[in-house]
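From first to last, the protein sequence lines are chains H and S. In terms of the numbering used here, the first sequence has 432 at position 207, counting the first letter as 1, and numbering is strictly consecutive. In terms of the numbering used here, the second sequence has 213 at position 59, counting the first letter as 1, and numbering is strictly consecutive.
Since the hints were derived computationally from the structure, they do not count as laboratory data. Wrong hints could be hidden among the right ones.
Among chain H residues calculated to face chain S with C-beta under 8 angstroms, some are [stated by the list, open to error]:
#, residue
1, THR407
2, GLN410
3, GLY467
4, PRO469
5, SER486
6, ARG488
Per the computed footprint, the stretches of chain H lying under chain S, defined by three or more beta-carbons under 8 angstroms from a beta-carbon of chain S, are [said to hold, decoys possible]:
#, stretch
7, 273-285
8, 358-370
9, 458-465
Even glycine gets a Cβ: it sits at the ideal position worked out from N, Cα and C.
The chain contents come next:
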Amino acid sequence: MSGAALPRARSAETRTAYAFLSPTVLLLGLFVFVPLGWALLISLQHTNGFGEGGFVGLRNYGRLLTDARFWRAAANTVLFTVLVTPLSMLLGLGVALLLDSALPLRALFRSVLILPMAVSGVATALTGLLVFDQDRGIVNAGLRSLGLHAVHWQSGGVAAFVSVVVVTLWWRVGFNMLIYLTGLQALDPLLQEAAALDGAGWWQRLRHVTVPLLAPSTGFLVVINVIYSFQVFDIVFVMTGGGPGDATSVLVTYAYETGFSQRDQGYGAAIGVVLLVLTLAFTAVQWRASRGGDVES
Amino acid sequence: MGLSRRAVLAGAGAAGLSAGSAAGLAGCGFAPSSSDSAKDTLRFTTWGTDAELAGFRTTIAAFEKAHGGARVELNAVPYEQMFTNIDAQLQAGNPPDVFRVPYYTFGAYAGRGQLLDLSSHLPSGFSDRFTPQAWAAVQRKAKPYGVPHHTDTSVLLYNKKALADVGVTDVPTRADQAWTWQQLEQVLRKLRTALPASQYPLAVNWQGNGVTRWLSWLFQADGRFLSADLSQPAIQSAAGTAAVDFTRALFPDKLVPPNNSVKSTTLAADLWYGGTVPLSFGGAFQLPDADSAVDFEWGASPAPRDVRGGGDFGGNALVATAKTKRPGLAASFLAHVTGEDQMRAFCERASLLPTRRDLVAKGIRFQVRPDLSRVFLGQAGVVRASDSGQVASPSMSGIISVLQDQLEQTFVGDQATAAALSGMTSGIAKALAA
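Please model the entire structure based on the sequences and the hints provided.
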């Protein structure tokens, strides 16, 4: 290739690259960055839901500091994340290990576990209500038939929180299982064989060989699960509406309530921006930690 | 992937308040097409049951026939989407010409300049066709910003056998003979004694925005939540204390199910349909569902009274948007749908109550359970204009949130009555000032 042809080829390659990138950039810009920027702008305004808002600087963020309902929702969101993230990953790993072995009907089990992923959050929550409805739910019907006391799944704060966590786990374990299963199937079986020949038992192989080798899957799942948990909305909204009291209120349900029910959209947007900053901060920390791990390894 | 989901949900789901989202909604098929900008075409957005939508279609056909060349484009949407949709369209500058709105939401639009002042578009004496309480519900600073299309109000729906089993066979059917609070409490305590632990005597329909129905207790105690000029909270009163005291006692005494609080996702109607309670507050709009879903014999009795009778002024207004390019035609349509024949047909078909004086005086007969029409009409008659006028406050969205928070804390969080009233007073004051 001649000296003049090389820059032309590079230029054509660059144009092609931009052409391939442009739909994604356009969609991201239109549906992600523009709304985000707009939300940030609205969070600095006092609005009544219609027309132009008035600029109030950081006043909406200042209000958050003294809003007990915001802090309750934030604490619930953190608790929900702390419970759901490790539990869904542990259960997902356990099921993935089972399905990676010579389990009969494993294709069927795999499909059944993945099925909730195909169902919308609202449909999942409605199914959860069938199970956990205080008056006519399957669980309480079973408890009553055994002569036991029914659980106050809607009117008891702890029970309501538990019901939301359980339904979320049902929804998410399949996804965690899928990622771990993919990770397991990519592992070199020779490493397991070598460990077995060295006398390592099942638990030792799992702890010292399998789990460390699954670190990339684990890192990805931690980030995804934390982000999903911070953003939980539909299951809480349908199953408990944030109640009883504010026992299951989370940041997104609170932002929705202030933004859409009370039409205090500036304040609702401020809650959304805080959620975004928290999520970004966590993701940055996690990425930094996982990059450090990669370098060390 | 993480970034995009995070951004989408944080930006659109949580904060999702931007005009970008609004424009997105308007451009994604939620909004009626604006391409039809024909001079005589009105765009009308509503939600509705099958019976209500059929009623609207009949009304529209009659209007189009009577106004040669005029067309009304009906855009029926699910209730859950209705007001995020309308708000987005208003923000995007592409609202429908006419839409339907509950009375408790009316003020939020009228008070923020989104609705057409109908004063100069309606014929003189137009207000005379409506009951005072209905006309008061569509006023903003003494000007009409809508027409009261229909109303609804809550009465007690009861399982006849369950009440008969505890010796209650003489159930009132006239509002002026309704049970007093004390008589209702006696009935509830009899039921409590007779029912197993998994069942409860009563369910109240104050969930969600239905928290405005709690105000019925306040009105029955002859109280107010806003001052006469709607500018100050007025709930801190003997009537407020009586209303909170009576309703909060329902929970520890197990007269209502524990999941019957105001923020519960379980509706009172479902508790009644499912047999968890034999007695429930319900509106006329529930009659068709109840008639088909309930397999026991049931009746209806007026809501209880205390110092006086009182009830919620439920139902919906029809409003025209301030930016409509066809204000005259929109006003004509609003006048048409509140004509005697149109309103009668709509209300009888959809089990709703009329707002016209003549229909209230003559009475109507629901197509389903016509025997209960008089109970509901009588109950609607005890609603005062001073009660319904308060609910038309432009700050009602904020006030609803205050009522929900304070009553929830009181019913399931053991908050004392004094603290509840204090919280309501400061919350309402903030909502009015916002």
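We went through each hint and held it up to the structure:
no. : hint    : in the structure
1   : THR407  : violated (15 angstroms)
2   : GLN410  : violated (21 angstroms)
3   : GLY467  : holds (7 angstroms)
4   : PRO469  : holds (5 angstroms)
5   : SER486  : holds (6 angstroms)
6   : ARG488  : holds (5 angstroms)
7   : 273-285 : holds (count 4)
8   : 358-370 : holds (count 5)
9   : 458-465 : holds (count 4)
The structure fails hints 1, 2 (numbered hints given earlier, in ascending order).
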